[in-house]
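**Q** Chains A and B, in that order, are what the protein sequence lines are. Our numbering puts the first sequence at residues 1 to 332. Our numbering puts the second sequence at residues 1 to 449.
Calculated directly from the structure, the hints in this document are not laboratory data. Virtual Cβ for every residue (Gly too), placed ideally from N, Cα, C. Hints are all accurate, no fakes.
Simulated DEER-style distance windows between Cβ atoms:
| hint | chain 1 | residue 1 | chain 2 | residue 2 | range |
| --- | --- | --- | --- | --- | --- |
| 1 | A | I98 | B | S445 | 49 to 59 Å |
| 2 | B | T435 | A | N237 | 57 to 67 Å |
| 3 | B | S445 | A | P316 | 54 to 64 Å |
| 4 | A | K302 | B | V389 | 56 to 66 Å |
| 5 | B | K174 | A | Q267 | 51 to 61 Å |
| 6 | A | E16 | B | D178 | 37 to 47 Å |
| 7 | A | A314 | B | E156 | 54 to 64 Å |
| 8 | A | S190 | B | V389 | 38 to 48 Å |
| 9 | A | K173 | B | E38 | 34 to 44 Å |
| 10 | A | S190 | B | T435 | 55 to 65 Å |
| 11 | B | D406 | A | I98 | 39 to 49 Å |
| 12 | A | D293 | B | D178 | 55 to 65 Å |
| 13 | B | E156 | A | K173 | 11 to 21 Å |
Here are the simulated lysine to aspartate or glutamate pairs, DMTMM-like style, with alpha carbons at most 25 Å apart:
| hint | chain 1 | residue 1 | chain 2 | residue 2 |
| --- | --- | --- | --- | --- |
| 14 | A | K173 | B | D146 |
| 15 | A | K140 | B | D178 |
| 16 | B | K318 | A | E332 |
| 17 | A | K173 | B | D178 |
| 18 | B | K318 | A | E330 |
| 19 | B | K372 | B | D327 |
Selected chain A positions facing chain B (Cβ under 7 Å, derived; list incomplete):
| hint | residue |
| --- | --- |
| 20 | S102 |
| 21 | N114 |
| 22 | D326 |
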Amino acid sequence: MAAAKTRKKSNVSKEELLGFYREMLLIRRFEEKAGQLYGMGQIGGFCHLYIGQEAIVVGLESNTIEGDQRITSYRDHGHMLACGMDPKGVMAELTGRIGGYSRGKGGSMHMFSNEKKFYGGNGIVGAQVPIGAGLAFANKYRGNNNVSFAYFGDGAANQGQVYETYNMASLWKLPCIFVIENNQYAMGTSLQRASSTPDLYTRGEAFGIPGEAVDGMDVLAVKAAGAKALDHCRAGNGPYILEMNTYRYRGHSMSDPAKYRTREEVQKVREERDPIDHIRDMLLTGKHSTEDDLKAIDKAIKKTVTEAADYAIASPEPELSELWTDIYAEAE
Amino acid sequence: MAINILMPALSPTMEEGNLSKWLVAEGDTVKSGDVMCEIETDKATMEFEAVDEGIIGKIVVPEGSEGVKVNAVIAVLIEEGESVDDVAEPIAASAIVTAAAEPVVAESVSAVVVEQDLPEGTTFKSTTVREAICDAMSEEMRRNPDVFLMGEEVAEYQGAYKISQGMLDEFGEKRVIDTPITEHGFTGLAVGAAFAGLSPIVEFMTWNFAMQAIDQIINSAAKTRYMSGGQMTCPIVFRGANGAAARVGAQHSHDYATWYAQVPGLKVVMPYSASDYKGLMKSAIRDPNPVVVLENEMLYGRSFDVPEIEDYTVPIGKARIWRQGDDVTIVSFGIGMQYALAAADKLAEEGISAEVIDLRSLRPMDTETVVKSVMKTNRCVTVEEGFPVASIGGHISATLMQEAFDYLDAPVINLAGKDVPMPYAANLEKLALVTTEEVISSVKSVTYR
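This is chain B alone, in the form it adopts within the complex (with noise of 0.2 Å):
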């Protein structure tokens, strides 16, 4: 009996891969361990071994193959005797099946992109979040040699996500440092070396590993400027995945916007775009005060158009529209952004005209690009991922309250993630997340519609 052999998921957010190697032909026997080839994803190169006894049958997916979805069949295994050709099903066509569960995101970069202030005949290039982060990085370090980057696998794994990819290289064991496990430890640690006037960036690998740390980023590193009136300057980025990732379960899952959002000391950004990420980043190293950068690991492989302008810089504290419109106003940040922008699509396409507001930093918040926008459309729909309980959305709606009561015509939505621990079934885990179809209605509801 032929055995298909699937395009393995090699990590929680993998949905395709690079099949970069094989490492055994059609013929030949292989048994249980035996490595058949490579997989690249967006994260490593991984080895793929044999589960099943049998012979190389056929090899569908060549080698060199990129972008080759999760549980595609890559070859047919057969047994001692059988053919290729008894294979009943056409193999071919099997080959483009994706994954059982559908795409996470809805692509929508096609929203009008409008306040980017860039000079005319800017060129761009599509980037990864991922290499955004890492050139952000990178050019600073080149810039400044007191920045160094900290963190757990930074060095020679090259990032446990891969941001770091190729810094240990550039930089050298002195400034590309890998950790112990330890964060408390290394937390306060770089704190104490910010305070002596180095530029710690710190990684967490993911900001649930960071609540360890949590008494360091917030009694130490915010509160010291203030406690030892203005003497102290603490120049440190914390950066690392934060939210939900992909079935990582209720401790891999916590979106922290709003803990460090509200904290006096601390700067807090959370972007979308990868140029917003490249920007913000690099200003978040040069700022003299501690920053937090929320990044999401959904969207590390995730493209965009990054201007091709000579060290590209994005201020902190300042909102981005992303789309123009006059009925209603949509407020969202990081991943949250997409979900915005894809409903913004849709209700177009029902002559509902939305502008839609990119925070991109939560503190210093610019709520005054928010009251502005909603002094016009009259409604706004808040967009996050985190808990509802003094949320983002929360706040927006609270000043909007105070600053544009009489502009309002109907009462603000709050759309946030579910009031439950993140559960780990896929269905329920989709259910506690926001969702497009949420955008979607909340607008409709907010415009009377």
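Just chain A, same shape as in the assembly (with noise of 0.2 Å):
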């Protein structure tokens, strides 16, 4: 695994540091927080957090335009919470509350956003990704400039479905960025225990698609290769695939003791290449901010946390009249 000492130093300016920073501090302590949530038995069933992954969505969403679409898997809190998705509102949803995106019907892995783009949240792992390629062959069949935004997991990347769609969204030329979020494991199984070639970026080769591997914890490099694969795909290109080298810290899901890695491999992470401390560590450096400074942003983070968390709790449960609500749409 790439170490921090080699990420590329560039230009980028105090603003935008502070705003990664933000953004991914943001993602971070609203998962500390579910999981808190999930502990006191607030939110049910499956959580899966994001935490260490941050980077990833962060850096991607910084060169999205207007209309621009994004979908994942049941890994979707950061995703939401980056593409500008209300705290309050995911929070609500993971606890089943009548005030959450999906009125309570849809809980930590079916949310949706009409008005961000966001399309789910989806529970069938590598699901999303043909649909993802749908949004792109709208984007096309509309003449619109936009970019759809397909991120799965390195299990996803074993899935048939992922094949047929980059076989569809080659041929067709469509505008898809195909993000490999790669953790290193599905569930259990290490990506050297189910995938026979380790490069996932790689697989598109044999349908004329164009991929690279990138560090997926260095917001940076994130955001380059994002600039790189927009322009390839809004200047008409076809799509393009971006491995991004990443590592979550917690478990599968909340159930999960994550016994197939040990304590010390988790550790080395956190402390080397952590994707908010890196951030932390170049705005101290760069003499951009103060500790005092940080400290303000961190505080002002968690009260927006505690805040979303307040409501979500706060929020009322469904009527029971909801059952039987939002199954068609009425014709217009």
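Given two chains presented individually in distinct reference frames, assemble the corresponding complex, making use of the accompanying hints.
**A** The structure is reproduced here in structure tokens:
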């Protein structure tokens, strides 16, 4: 795994660094709070935390324009926060309340936002990939300049429908960026034990799709790679694959004891590659911010997250009549 | 020794075809592999090659002949030095010999058609189911630029079953899209396009192949509306041939009616007549929800009267009473209707008056019409081609028990396909499917005749 020292230095503004810091920290604190609420029984079912992977969505979202779409798997809280969805609505969905994005009917894995062009939140591993290409198909059909991001993990990368999608996306030159969030473990199975080839970004070669491996723990590297991929797609050259090498600090879901890896392995990544610490170091060593500045940001984010949690617990459960609504759309 | 050249069967369901063109003339010598003539089936125009070597002694069926039965003698091949007159059997007589297999369908559109809700003075045009589906899709594509058709062979090939014939020419490759053979992938892709606000029509060459894609149909298309608390819409149509065709074996003969009818979030229609195919297909395309349209290959070539009404639609979720009666209610849908209607005709001759209801839609299902009818007739037989376990008929029975128990004078009989994978052998396949005779005997059983 690439160590912190391999990261490229770039001319990045203080504002941008602070923005990245804030957004990544929001995701981390939000997820920590979600984990806490799960432990308290406020969140039920499956809950997959994004801690460790924050740089990916924050870096990629920094290049998007109005109308670009995104879709991902069930590890989706970070994607929602990064595209600007309200933490209160996300947290209230986790607690299954009427104030949630899906009125309490979707839960952690199933949230959507038409406004932010976030298409889920999908519980079936890999199913979001062709759907993401379909969003791109709609862009091409309409002749707009938008690009769709289809996020999936190293586990989904072995699903057949991913390759069916690669074929069509390349054949029809769909403006779709396939983002493989390679966090090294598909639930409890390491990449080495599940994949015949370790380099997932090369798996588009057979379809003529360019791919690139990116340090997914470095938000600046992610942003740079995302910009390149977006240019490729917006220029009408078809899809692009970005393999983000990343790591999740927590288990697959809240109920995963993560016995398949050592505590030392996790600790090493936390110490050497943490995406938030990296930006924090840049802010401090570059004399952009003081410890006090950052403490103030931390405090503000904690407040946002606490408010989201309070809202999520105060928001009522859906009315019982909600059981029967939202099954069908009414004809206009 | 003269050889009779017979009209070939060029598809599993072909019973007759048109001899559109002879490419050889009497007196010409042909050898194996030479193209002799062009034969137009209901699906395509095919070249027919010689198998044996010889001289075309006589062309029995002239070009331009329509409705030439499979196995009819279309020409006679003779050897050098032989004369057509040497052929012992009179050729003309055998030209109209039909295929050994008896026709699958006893036409019975003579039944009294009621409850069509058509304006007075409506005129009708005889239309095949195939044309009706094509007309419906084309009309909706003219009406809404967001509607497009995708599937295997829908564009350049003009449709594996010729449903989309001419649509590529009219709408272009942007809107009539050939996909690779990749059901799981293109179904998911179409669902994504629908989430983004387009209105895809996804053609499955047959529904058997849609099992590769059933996750996208159910988990993605059907459930997202609910999972999103009403935010997302998925205006998509999944359509294609469903159920048994003719001797295509177990993997190509599955009826999925109950599979999809079970899923909240989907709408499911399974029409019988061309008018319902047209009207329901148009409604399906306009519907803001995912709609499964279960078609039937055996019906594609069948003609029915379709009302000549501009923008003819049929509401999803409403049954149609084809024939009114007092003694028994026969409930069916899709191709099952042909047995129900044929049985009703024969039963009428014996003085048994059957009311025949075509469900047309399986979700939502118009059980109200069925219950109302059974309250009048007090007896019910259901007819379908799918498997008997957890069948549509079973659901109807349960509904009748709950809502019309006191009105029933006999246990409801559910006729279905047999509980076996579809066999290939002609006799066994026939045995596996429901028959008119079974409908008749079941009606007699529930009416204690």
